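Participant: Chain by chain, the residues run as shown.
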Amino acid sequence: MSAFLNALPGAVAQGIIWGIMAIGVYITFRILDIADLTVDGTMSIGGATFVVLSTSGVNVYLSLLVAFLVGCLAGFATGIFHTVFGIPAILSGILTQLALYSIYLRITDARSNVAINYRNYNLLLTLHDIPKAILVASIFAVLLIAVLYWFFGTEIGSSIRATGCNLAMSRANGINTSFNKVFGLVLSNGIVAISGALLAQYSGAADINMGKGAIVIGLAAVIIGEVIFGKVFRNFALTLVALVLGGIIYYVVITLVLQLGLNANDLKMFTAIVVAIFLGVPYWRAKAAVKMRRNKKAEAVTVGGSDNA
Amino acid sequence: MLEIKNVSKTFNPGTINEKKALNGVNLTLNDGDFVTVIGGNGAGKSTIMNMITGVYPVDSGSIVIDGIDVTAMSEHKRAKYFGRVFQDPMNGTAANMEIIENLAIAAKRGKRRTLRYGVSKKEKEAYKELLKTLDLGLENRLTSKVGLLSGGQRQALTLLMATLQKPKLLLLDEHTAALDPKTSSKVLSLSKKIIEENNLTTMMVTHNMNDAIEYGNRLIMMHEGRVILDISGEEKKNLTVEILLHKFEEVSGTEFANDKVLLSK
Numbered sequence: 001m002s003a004f005l006n007a008l009p010g011a012v013a014q015g016i017i018w019g020i021m022a023i024g025v026y027i028t029f030r031i032l033d034i035a036d037l038t039v040d041g042t043m044s045i046g047g048a049t050f051v052v053l054s055t056s057g058v059n060v061y062l063s064l065l066v067a068f069l070v071g072c073l074a075g076f077a078t079g080i081f082h083t084v085f086g087i088p089a090i091l092s093g094i095l096t097q098l099a100l101y102s103i104y105l106r107i108t109d110a111r112s113n114v115a116i117n118y119r120n121y122n123l124l125l126t127l128h129d130i131p132k133a134i135l136v137a138s139i140f141a142v143l144l145i146a147v148l149y150w151f152f153g154t155e156i157g158s159s160i161r162a163t164g165c166n167l168a169m170s171r172a173n174g175i176n177t178s179f180n181k182v183f184g185l186v187l188s189n190g191i192v193a194i195s196g197a198l199l200a201q202y203s204g205a206a207d208i209n210m211g212k213g214a215i216v217i218g219l220a221a222v223i224i225g226e227v228i229f230g231k232v233f234r235n236f237a238l239t240l241v242a243l244v245l246g247g248i249i250y251y252v253v254i255t256l257v258l259q260l261g262l263n264a265n266d267l268k269m270f271t272a273i274v275v276a277i278f279l280g281v282p283y284w285r286a287k288a289a290v291k292m293r294r295n296k297k298a299e300a301v302t303v304g305g306s307d308n309a
Numbered sequence: 001m002l003e004i005k006n007v008s009k010t011f012n013p014g015t016i017n018e019k020k021a022l023n024g025v026n027l028t029l030n031d032g033d034f035v036t037v038i039g040g041n042g043a044g045k046s047t048i049m050n051m052i053t054g055v056y057p058v059d060s061g062s063i064v065i066d067g068i069d070v071t072a073m074s075e076h077k078r079a080k081y082f083g084r085v086f087q088d089p090m091n092g093t094a095a096n097m098e099i100i101e102n103l104a105i106a107a108k109r110g111k112r113r114t115l116r117y118g119v120s121k122k123e124k125e126a127y128k129e130l131l132k133t134l135d136l137g138l139e140n141r142l143t144s145k146v147g148l149l150s151g152g153q154r155q156a157l158t159l160l161m162a163t164l165q166k167p168k169l170l171l172l173d174e175h176t177a178a179l180d181p182k183t184s185s186k187v188l189s190l191s192k193k194i195i196e197e198n199n200l201t202t203m204m205v206t207h208n209m210n211d212a213i214e215y216g217n218r219l220i221m222m223h224e225g226r227v228i229l230d231i232s233g234e235e236k237k238n239l240t241v242e243i244l245l246h247k248f249e250e251v252s253g254t255e256f257a258n259d260k261v262l263l264s265k
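Here the protein sequences come in this chain order: A and B.
Note that the working numbering has the first sequence beginning at 1, numbered continuously upward.
Note that the working numbering has the second sequence beginning at 1, numbered continuously upward.
For the record, the hints were derived by calculation from the structure and aren't laboratory data.
A few of these clues could be false.
As the list claims (entries may be wrong) - Pairs of lysine-lysine, DSS-like flavour, derived with a Cα cap of 25 Å:
| # | chain 1 | residue 1 | chain 2 | residue 2 |
| --- | --- | --- | --- | --- |
| 1 | B | K145 | A | K231 |
| 2 | B | K168 | B | K193 |
| 3 | A | K287 | B | K145 |
| 4 | B | K111 | B | K121 |
| 5 | B | K128 | B | K77 |
| 6 | B | K237 | B | K20 |
Keep in mind it's a predicted model, so treat the numbers as computed, not measured.
Using the sequences and the accompanying hints, generate a full structural model.
Facilitator: In structure tokens:
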């Protein structure tokens, strides 16, 4: 138990960083209604861009900005595949993700893992100072939520929400839905790249596999946040806060199950199963509701149908 | 004001599902016309609406509105000329967004969207007044999600949205077909009121012969992708369902085939 308590602060810090990633996933998955698989690759190149730039002497904030822009470019590529090439969104994301594997190796000069030592560089956060890491990650999360809350309330932001909600209505009201989809993908992947850059600093390295399954972890945070806080947090800003809390809860639970003896190698399978179940629950619920209604109707027919016999 | 010249459209050409939806349609609408469109199954009523608004591109022909050729214009660009209400109440509004947000989006149709806040205080008051005219109590539910509204309420709201920015042409595509009779007639009279108050040029597709006869100053009937009847003026005023069915059989040489229309006769 004490081992779990010791690991708890680290879990919270990682949870917030993944919560930021989850906010990116939320923009595509919930607001635009697109499952964007680009993010797995974006996470890695966000981290790699940051590490490579920082270790070559570039200011950390500038490195972070460039990582953001590289992420935006990745989202742009997926958006173009989807809207200009007419490729289904999921496949567009997979294509970009594949290409990003090569781009990662270009960025890092063919090294699959690039390290950055917190002693030699002035990093924003590191796992060697967890309280500070939690503070810095929280500041990033709060700033991001504030900016997004403002943005999605503007005319342009509203038109993006409408695009995800109803394409026919959006076009009928003069909204360029293709542009909005690309814009959402760009924004989302930029945010994910920032999360990758923060994670690389936290763990002291960027790795070509650090984003593997990122979409699933992001979805886990989204779903946990929605299921636990959805009833209470109705406001958009609070919904985003719920995502970050979802990320924290996810990492706390992961830390707990690892302490309880789950093999770390089985972790991804565990995550996949948990997310699959949580995605399934609303579907099953709807199905059960339909069945119940049908049964009630059938009863009514047998009762009132004796005349026809 | 609207000129449809020789517009043709074939869906799935060259396959066994080939369907000639429009077959050289010619139609000119005058300013202030309120045209009702009626026709059998697959006559091309909805297709002509979709051609005008650019949901699908035309195969040939041209569509000109107020001297502007919109034939090659994308759907969202030409949206500034048209107000639209769809058959499916789900289609015209964004369910996950608030009533007031939907109105704000409609208010920006054809205008540049900026980084200004979506709904200003002044707009809020104006929308409240507008919603009052619907007499559905929606003015007290400004921040309710549209998904919570009934089909009739959603169609009324869509109607308001379609006319918030005065359109050059209002297109109503069987917009009461999915509603119960009482709500349907309520939405219809509301449509009439809005059209008359704003003097809107309107095209209304309907499956109800009585409505087609009762509303508007002009009635066109479509059959096999063509306009086969175009009745206006005194002749329109004296029209009855029997005369209309008779005329149809005369012109087309077949019996009228639309279950919905015949049932609602």
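Participant: The structure should be examined with respect to each hint, and the outcome stated for every one.
Facilitator: Here is how each hint holds up against the structure:
1. K145(B) / K231(A): holds, 15 Å
2. K168(B) / K193(B): Distance ~17 Å between K168(B) and K193(B) Cα, so the pair holds.
3. K287(A) / K145(B): holds, 24 Å
4. K111(B) / K121(B): Holds - the C-alpha atoms of K121(B) and K111(B) are around 19 Å apart, at most 25 Å.
5. K128(B) / K77(B): Roughly 28 Å separates the two Cα atoms, so the pair is violated.
6. K237(B) / K20(B): Answer violated: K237(B) to K20(B) is near 33 Å, above 25 Å.
In this structure, the hints that do not hold are numbers 5 and 6, in rising order.
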